[in-house]
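Student: Sequences and hints are given; from them, build the entire structure.
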Amino acid sequence: MKKFRLDFYIPDIKDGSHVDDAIGNYTLLLNRIGSVATLDFDRLKVLKRLYSSHVELHTPDENGYYGFGGVNRIKQSRCVGTNGNVRFYGNCWTSTMGQLGGKDRKGSGVCCRPASEVFKNPERWFYCEFEVSDFGYKQMTDMMQVELEANKGYDKSMIARFFVPMPIIRIVQKIKPNFCNDKLKWICSEFCNHHALIAFQYSKMQSIDPVIYKDNPTYQIAVQKIINDTMSPLLSATSLHYHGVDFYNMDGSLLLAGKK
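To convert a position in the sequence shown, counted from 1, into this note's numbering, add 113.
Since the hints were made in silico from the structure, they are not lab data. Bear in mind the structure is a predicted one, so any value in this text is a computation, not a measurement. Among these hints, one or two may not hold up.
[What the hints assert, rightly or not] Cut-off 25 Å, straight-line C-alpha distance, at most; resulting in silico cross-link-like pairs (SDA-like, lysine to any residue):
| id | residue 1 | residue 2 |
| --- | --- | --- |
| 1 | LYS161 | GLN314 |
| 2 | LYS115 | VAL259 |
| 3 | LYS372 | ALA150 |
| 4 | LYS115 | ASN204 |
| 5 | LYS338 | ASP364 |
| 6 | LYS161 | ILE339 |
| 7 | LYS158 | LEU141 |
| 8 | LYS265 | THR343 |
| 9 | LYS161 | ASP125 |
| 10 | LYS115 | TYR315 |
| 11 | LYS269 | VAL132 |
| 12 | LYS373 | ASP125 |
| 13 | LYS269 | ILE281 |
| 14 | LYS269 | ARG237 |
| 15 | LYS233 | SER366 |
| 16 | LYS115 | LYS265 |
| 17 | LYS116 | ASP247 |
| 18 | LYS373 | GLY357 |
| 19 | LYS115 | ASP295 |
| 20 | LYS338 | ARG145 |
| 21 | LYS158 | LYS373 |
| 22 | LYS115 | LEU261 |
| 23 | LYS338 | ALA370 |
| 24 | LYS161 | ASP364 |
| 25 | LYS161 | TYR315 |
| 26 | LYS338 | GLN314 |
| 27 | LYS296 | THR254 |
| 28 | LYS158 | LEU368 |
| 29 | LYS116 | TYR355 |
| 30 | LYS158 | GLY371 |
| 31 | LYS372 | GLY147 |
| 32 | LYS372 | ILE146 |
| 33 | LYS116 | ILE311 |
| 34 | LYS373 | LYS233 |
| 35 | LYS161 | LYS296 |
| 36 | LYS251 | GLN314 |
Tutor: The following block contains the structure:
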């Protein structure tokens, strides 16, 4: 069995990533409106705790280490340098919007970067972790590598899906199928959710003891498909929470326990 994480980024207006801020605030607003309309006030609290605008799929290094906190708590010397700076290991996979998301960002589209380059402000990130079969993990990473090598850039049209009413999108897509969804490009949550589901589905197929495995959130996600390619990072995180997935701060401390 192997593990991977979904790491969620908390936007801050001070960092100059205005598109991230817009995505985070708008999707938060939409989810809050839906929660108030259904009188789901517990969800309002969850939305505040899991507020996010970007997601990365984090694979550990060859020794299974992620870095600061969590699984490395007993290996703290590996995670904290002599200058007090925390260390992170492994790689982060996602699709980035390049300089559209901030003047200091490089590249556009599918990328794989060392975790040490991504988590420069660990207090602005949180994560959830999944355990999958070796085969499921390999299928996921192999497919991510294929997409990395075939990168066509970031799907800027998909961003419009967060702001354009769905009825309008459906009408326009009858004329222009790629409207708000370029089939050859990805956004962050689309890329991460799609490839996480690959790992979940192949792991479910390999389950030799479904009676035991059925209580694993991985199995439930694979069966129910509670996340999908069109969800925002915030909606992905809240959907996972309501299906029993725990979320943690980057130091390994519990941020929010999953709820079923």
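Student: Work down the list of hints and note, for each, if the structure agrees.
Tutor: Results for each hint:
In summary, the hint linking LYS161 to GLN314 is not supported, as the alpha carbons are separated by about 30 Å, beyond the 25 Å threshold. The straight-line distance between the Cα atoms of LYS115 and VAL259 is roughly 20 Å, inside the 25 Å bound, and the hint therefore holds. Using a Cα cut-off of 25 Å, the hinted pair LYS372 and ALA150 holds, with the two alpha carbons roughly 21 Å apart. Between the alpha carbons of LYS115 and ASN204 the distance comes to roughly 15 Å, so the proposed pair stays at or under 25 Å and holds.
Pair hint LYS338 plus ASP364 does not hold up; C-alpha atoms about 29 Å apart against a cutoff of 25 Å. Between LYS161 and ILE339, the direct Cα distance comes to roughly 20 Å. Compliance with the 25 Å bound is thereby established for this hinted pair. Between LYS158 and LEU141, the direct Cα distance comes to roughly 11 Å. Compliance with the 25 Å bound is thereby established for this hinted pair. The suggested pairing of LYS265 with THR343 holds, with an alpha-carbon distance near 18 Å, which does not exceed 25 Å.
Between LYS161 and ASP125 the alpha-carbon distance is near 14 Å, which keeps this suggested pair within the 25 Å criterion. For the proposed pair LYS115 and TYR315, the alpha carbon gap of about 13 Å is at most 25 Å, so the pair holds. Note on LYS269 and VAL132: the hinted pairing holds, with a Cα-Cα distance of about 11 Å set against a maximum of 25 Å. With a C-alpha separation of about 30 Å, the suggested pair LYS373 and ASP125 falls outside the 25 Å cut-off, and the hint is violated.
At roughly 18 Å between alpha-carbon atoms, LYS269 and ILE281 fall within 25 Å of each other, so this suggested pair holds. A threshold of 25 Å between alpha carbons decides the hint, and for LYS269 with ARG237 the separation of about 24 Å falls inside it, so the pair holds. Pair hint LYS233 plus SER366 holds up; C-alpha atoms about 18 Å apart against a cutoff of 25 Å. Using a Cα cut-off of 25 Å, the hinted pair LYS115 and LYS265 is violated, with the two alpha carbons roughly 29 Å apart.
Straight-line distance between C-alpha atoms of LYS116 and ASP247 comes to about 9 Å, which keeps the hinted pair within the 25 Å bound. Between LYS373 and GLY357, the direct Cα distance comes to roughly 5 Å. Compliance with the 25 Å bound is thereby established for this hinted pair. Restraint check: the Cα-Cα separation between LYS115 and ASP295 comes to about 32 Å, which exceeds 25 Å; the hinted pair is violated. Taking the CA atoms of LYS338 and ARG145, the gap is near 23 Å; set against the 25 Å cutoff, the hint holds.
Of the supplied pair hints, the one linking LYS158 and LYS373 holds, its CA atoms being roughly 16 Å apart against a limit of 25 Å. Between LYS115 and LEU261 the alpha-carbon distance is near 21 Å, which keeps this suggested pair within the 25 Å criterion. For the hint linking LYS338 to ALA370, the alpha-carbon distance of about 20 Å falls within 25 Å, and the restraint holds. Between LYS161 and ASP364, the direct Cα distance comes to roughly 20 Å. Compliance with the 25 Å bound is thereby established for this hinted pair.
Pair hint LYS161 plus TYR315 does not hold up; C-alpha atoms about 33 Å apart against a cutoff of 25 Å. For the hint pairing LYS338 with GLN314, the CA-to-CA distance comes to about 9 Å; that is within 25 Å, so the pair holds. Restraint check for LYS296 and THR254: the C-alpha separation of about 20 Å stays at or below 25 Å, so the hint holds. Distance check on the hinted pair: LYS158 and LEU368 sit about 13 Å apart at the alpha-carbon level, within 25 Å; holds.
In summary, the hint linking LYS116 to TYR355 is supported, as the alpha carbons are separated by about 21 Å, within the 25 Å threshold. As the CA atoms of LYS158 and GLY371 are separated by approximately 13 Å, the hinted pair is consistent with the 25 Å bound. A hinted pair counts as satisfied when its Cα atoms are at most 25 Å apart, and LYS372 with GLY147 qualifies at roughly 19 Å. Restraint check for LYS372 and ILE146: satisfied, since their Cα atoms lie roughly 21 Å apart, inside the 25 Å limit.
Pair hint LYS116 plus ILE311 holds up; C-alpha atoms about 14 Å apart against a cutoff of 25 Å. This hinted pair does not check out: LYS373 and LYS233 have alpha carbons roughly 33 Å apart, beyond 25 Å. Proximity of LYS161 to LYS296 is assessed by CA-CA distance (about 32 Å); at most 25 Å being required, the pair is judged violated. At roughly 12 Å between alpha-carbon atoms, LYS251 and GLN314 fall within 25 Å of each other, so this suggested pair holds.
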